[in-house]
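Trainee: Could you build all of it, start to finish, from the sequences and the hints given here?
Here is what each chain is made of, one letter per residue.
Protein chains: 2
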Amino acid sequence: MKGMTLVAEQKKLVEEITPRDVDFAKWYTDIVKKAELVEYSSVRGCMVIRPNGYAIWENIQKNLDARFKATGHENVYMPMFIPESLLQKEKDHVEGFAPEVAWVTHGGSEQLAERLCVRPTSETLFCEHYANIVQSYRDLPKLYNQWCSVVRWEKTTRPFLRSLEFLWQEGHTVHENEQDAREETIRMLNVYAAFCEEALAIPVVKGKKTEKEKFAGAVDTYTIESLMHDGKALQSGTSHYFGDGFARAFGIQYADRNNQLQYAHQTSWGVSTRLIGAIIMVHGDDNGLVLPPVIAPTQLVIVPVAMHKAGVLDKAEELKNTLCGFRVKLDASDKSPGWKFAEHEMMGVPLRLEIGPKDIENNQAVLVRRDTGEKTFVSLDNIEASVETLLGGIQRDMLERARAHLDSSVTDAEDFDTLRRLADEKTGFFRAMWCGELACEEQIKEKAGLSSRCMPFEQEGISDVCVCCGKPAQHLVLWGKAY
Amino acid sequence: MKGMTLVAEQKKLVEEITPRDVDFAKWYTDIVKKAELVEYSSVRGCMVIRPNGYAIWENIQKNLDARFKATGHENVYMPMFIPESLLQKEKDHVEGFAPEVAWVTHGGSEQLAERLCVRPTSETLFCEHYANIVQSYRDLPKLYNQWCSVVRWEKTTRPFLRSLEFLWQEGHTVHENEQDAREETIRMLNVYAAFCEEALAIPVVKGKKTEKEKFAGAVDTYTIESLMHDGKALQSGTSHYFGDGFARAFGIQYADRNNQLQYAHQTSWGVSTRLIGAIIMVHGDDNGLVLPPVIAPTQLVIVPVAMHKAGVLDKAEELKNTLCGFRVKLDASDKSPGWKFAEHEMMGVPLRLEIGPKDIENNQAVLVRRDTGEKTFVSLDNIEASVETLLGGIQRDMLERARAHLDSSVTDAEDFDTLRRLADEKTGFFRAMWCGELACEEQIKEKAGLSSRCMPFEQEGISDVCVCCGKPAQHLVLWGKAY
Chain Y
511 MKGMTLVAEQ KKLVEEITPR DVDFAKWYTD IVKKAELVEY SSVRGCMVIR PNGYAIWENI
571 QKNLDARFKA TGHENVYMPM FIPESLLQKE KDHVEGFAPE VAWVTHGGSE QLAERLCVRP
631 TSETLFCEHY ANIVQSYRDL PKLYNQWCSV VRWEKTTRPF LRSLEFLWQE GHTVHENEQD
691 AREETIRMLN VYAAFCEEAL AIPVVKGKKT EKEKFAGAVD TYTIESLMHD GKALQSGTSH
751 YFGDGFARAF GIQYADRNNQ LQYAHQTSWG VSTRLIGAII MVHGDDNGLV LPPVIAPTQL
811 VIVPVAMHKA GVLDKAEELK NTLCGFRVKL DASDKSPGWK FAEHEMMGVP LRLEIGPKDI
871 ENNQAVLVRR DTGEKTFVSL DNIEASVETL LGGIQRDMLE RARAHLDSSV TDAEDFDTLR
931 RLADEKTGFF RAMWCGELAC EEQIKEKAGL SSRCMPFEQE GISDVCVCCG KPAQHLVLWG
991 KAY
Chain V
511 MKGMTLVAEQ KKLVEEITPR DVDFAKWYTD IVKKAELVEY SSVRGCMVIR PNGYAIWENI
571 QKNLDARFKA TGHENVYMPM FIPESLLQKE KDHVEGFAPE VAWVTHGGSE QLAERLCVRP
631 TSETLFCEHY ANIVQSYRDL PKLYNQWCSV VRWEKTTRPF LRSLEFLWQE GHTVHENEQD
691 AREETIRMLN VYAAFCEEAL AIPVVKGKKT EKEKFAGAVD TYTIESLMHD GKALQSGTSH
751 YFGDGFARAF GIQYADRNNQ LQYAHQTSWG VSTRLIGAII MVHGDDNGLV LPPVIAPTQL
811 VIVPVAMHKA GVLDKAEELK NTLCGFRVKL DASDKSPGWK FAEHEMMGVP LRLEIGPKDI
871 ENNQAVLVRR DTGEKTFVSL DNIEASVETL LGGIQRDMLE RARAHLDSSV TDAEDFDTLR
931 RLADEKTGFF RAMWCGELAC EEQIKEKAGL SSRCMPFEQE GISDVCVCCG KPAQHLVLWG
991 KAY
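Heads up: the sequence lines are chains Y and V, in that order. Residue numbers for the first sequence follow this note's numbering, beginning at 511 and rising by one. Residue numbers for the second sequence follow this note's numbering, beginning at 511 and rising by one.
Derived from the structure by calculation, the hints contain no laboratory data. Keep in mind that the hints are not guaranteed to be accurate.
What the hints assert, rightly or not - What the simulated footprint calls covered on chain Y by chain V, stretch by stretch (three residues with Cβ under 8 Å from a Cβ of chain V suffice, anywhere in the stretch; the number is not a length): (1) 542-556; (2) 632-643; (3) 652-664.
What the hints assert, rightly or not - Here are the simulated lysine-lysine pairs, DSS-like style, with alpha carbons at most 25 Å apart: (4) V:Lys579 - Y:Lys839; (5) V:Lys839 - Y:Lys579; (6) V:Lys579 - Y:Lys830; (7) V:Lys991 - V:Lys718; (8) Y:Lys572 - Y:Lys742; (9) V:Lys543 - V:Lys724; (10) Y:Lys665 - Y:Lys579; (11) Y:Lys579 - V:Lys543; (12) V:Lys601 - Y:Lys544; (13) Y:Lys572 - V:Lys839; (14) Y:Lys601 - Y:Lys579; (15) V:Lys742 - V:Lys955; (16) Y:Lys572 - V:Lys572; (17) V:Lys742 - V:Lys957; (18) V:Lys957 - Y:Lys543; (19) V:Lys830 - V:Lys819; (20) Y:Lys981 - Y:Lys955; (21) Y:Lys742 - Y:Lys601; (22) Y:Lys830 - Y:Lys885; (23) V:Lys830 - V:Lys868; (24) Y:Lys955 - Y:Lys742; (25) Y:Lys601 - Y:Lys722; (26) V:Lys868 - V:Lys819; (27) V:Lys572 - Y:Lys839; (28) V:Lys839 - V:Lys868; (29) Y:Lys572 - V:Lys579; (30) V:Lys957 - V:Lys991; (31) V:Lys957 - V:Lys722; (32) V:Lys825 - V:Lys868; (33) Y:Lys839 - Y:Lys543; (34) V:Lys845 - V:Lys825; (35) Y:Lys716 - Y:Lys665; (36) V:Lys825 - V:Lys885; (37) Y:Lys601 - Y:Lys665; (38) V:Lys544 - Y:Lys579; (39) V:Lys742 - V:Lys543; (40) V:Lys830 - Y:Lys579.
Here a beta-carbon is modelled for each residue, glycine too, at the ideal position from N, C-alpha and C.
Mentor: Right, dumping it as structure tokens:
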């Protein structure tokens, strides 16, 4: 290895990755493996989330959890099992989830009197609990959240995007009336949108799901949709208004201010490790992962050059201490600098600091941006400020590039032929009017291969008639191919 | 409620709790319910951990996780399911756990070709993963930890102490040789012991488990044992040295420095939500929970007195802002001060600040310690320093009281009759010599009702012969009744 040139070494590590524009799906799984985010296990469809992957999830959790707490939410933990009879209490809900749950039938050597499913989501458990603890309007609202893993028995799986088991958070809240619950539903959708833009540098479109696409048991489902590099959409988070449907099924009643019994109104909302898939597919490139500084486990890696020369390692250590306000790592392993460059690029570390004998002589260091490859020589005297500025710039630019990609990927279609042709020719989001009928939605899916992503909050009349049937239009819909 | 006197109100809330010395078990479940730590659910043996309980667990996690990271560990996440064939790879391990696992037999409507158990612990999954990723001595050590929930199909359950599902962390590490692995085993036992003393104010005895009590698959199991108020022991954390047994069963081999294939040596270690049970049973009293300041979700509650009087609520708000460096809460609800006092005592809040018109006039506040009930009048000018000092004092005194209780509860027995008599007459730990034979250990269990808690690190020869059979003694053993 030592005889190889720097460029050749970098090439060697990178050439094991399928180029992004050759085979996006293969590129994705290559990144997931090479950046050591996930390893497969002998459990079908379940991932081992490795340190690099889990550290991203920890940062997502930390950032989101602070946002939940700032909006008055408390964390709880519910059992991971749901008795079959409890799952069946709300009829739409059980219809939606029963076909895809894992069933526990035996405890030790004993067959259970009633089967338990491993939670696919915890509405039923939260509802049972709320029926126990909510008696009066004084007990409301209850604003609970849970971090846990859930299981859905999927046929085909892909790391982070769709797996039998995944990690997520699920918020479940109870309110006195429709208005409060609807406000909560939108508040949390906005929390998700702000988090995606500010922390993940991923712009999203906010909107409402159609009846066909909404959550099993919800009155309304809202979504944030993001656009991957390949032009496919990813549903990145959802927030549901339940009305009093679950409250009626589970008997969640409270005495109101006039001492009258009322059914409570509820919401739920969730995001999952799927967000890591979004980070990979929005920001990654042919050299590997590209992590936004806000959630990068390592924000800055220091690579000493000519490490054997006197003073280099000492200086690198000193810089590590100076920069301890950032998530900094010093790579003093015995690999060559070129190999290290390629490796940390693969892992997506936002910023690299190179320091060698020449640099020390000149009281400078080289800072290299992961997102653009841009090199800057900076003075060691105000290195903290330089790093701060560059990390801020990376975070901002990543969001702007992703937003430019999103904005340039939205095309309008006024008639069905145009929609079909566009869907064949290009990728991205398509805006077209819709009458509101399921038949047209299914037709568009079947003929153009597009599913309704959402009815965006920003409605605009691009035509008066449904793109499919020509009847009067009710909604502007964002259509796309989705993960 | 408003007509009741303060004392009567406090009494009302408290009288719903069984006194601690009347029925300790009943007292425990009363506290768990009244302090709103846990609620039962329709899932047998599984708890709903409520906000008050989960917030304690979050603080335990935060504190422990920082200690794990400071000792070089990384977090990962393994699947929650273990295929039956994988569980069976290490024979002692499967014998220990198979009788108490939950089995998933169906996914959706389909019967699985192979049953999956819900993880009771994750040695087998970690081993499979390590066999995949460990090739060379350069890959070692691997120092991984996982925060998750596990399931053990217990017959009788009690909140936090023994439940079908519980939350825990499990560390799993791989090393080049026995020495490194043994050092890790003891290092993590020491991390647990320091955490219990410094964060939970619970002193522990460190020692080694007997063959009978060790973990299924371990060469050696080490434990920290703590003493509850009722004189019973609680195994509060364990750390295991596995030798190369799992490595041989799972094929975890690496090329050593001489390019020879070697089996790796492993450890695992864990603590669980059981620690919350320990906090309750070590520190709680007849007025409720008593939380050590380091892990108390609320360290200080501000209760305004005569809240309707001009300026009181403003002053309370101002104090809340001044004290924002602590985990502070202002109770401005419309309950009476007396009711609030009792309620926050029940919840275990370490310090209460009372502020009323008279206090404001005198530029003072009243600080009341939860652990001793002691009241101090302090000037508002240096209120932060006063709170800091008092919280530090509470933490220190709680540990000292618990240590005094532990120290005074250890009794030595030189012969079997004395041991039996002592075990009848009193509670606590009993020190007695042991020959090392299983038969004697079982005899002591059967005749004196005592189990071996551990062979303490601090060995002392209190006699030359086994307390049971009279043969030459090998070890000093700490015996007790345990949860």
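Trainee: Could you check the structure against the hints above and give me the numbers of any it violates, in ascending order?
Mentor: Structure breaks hints 8, 9, 10, 12, 14, 18, 21, 35.
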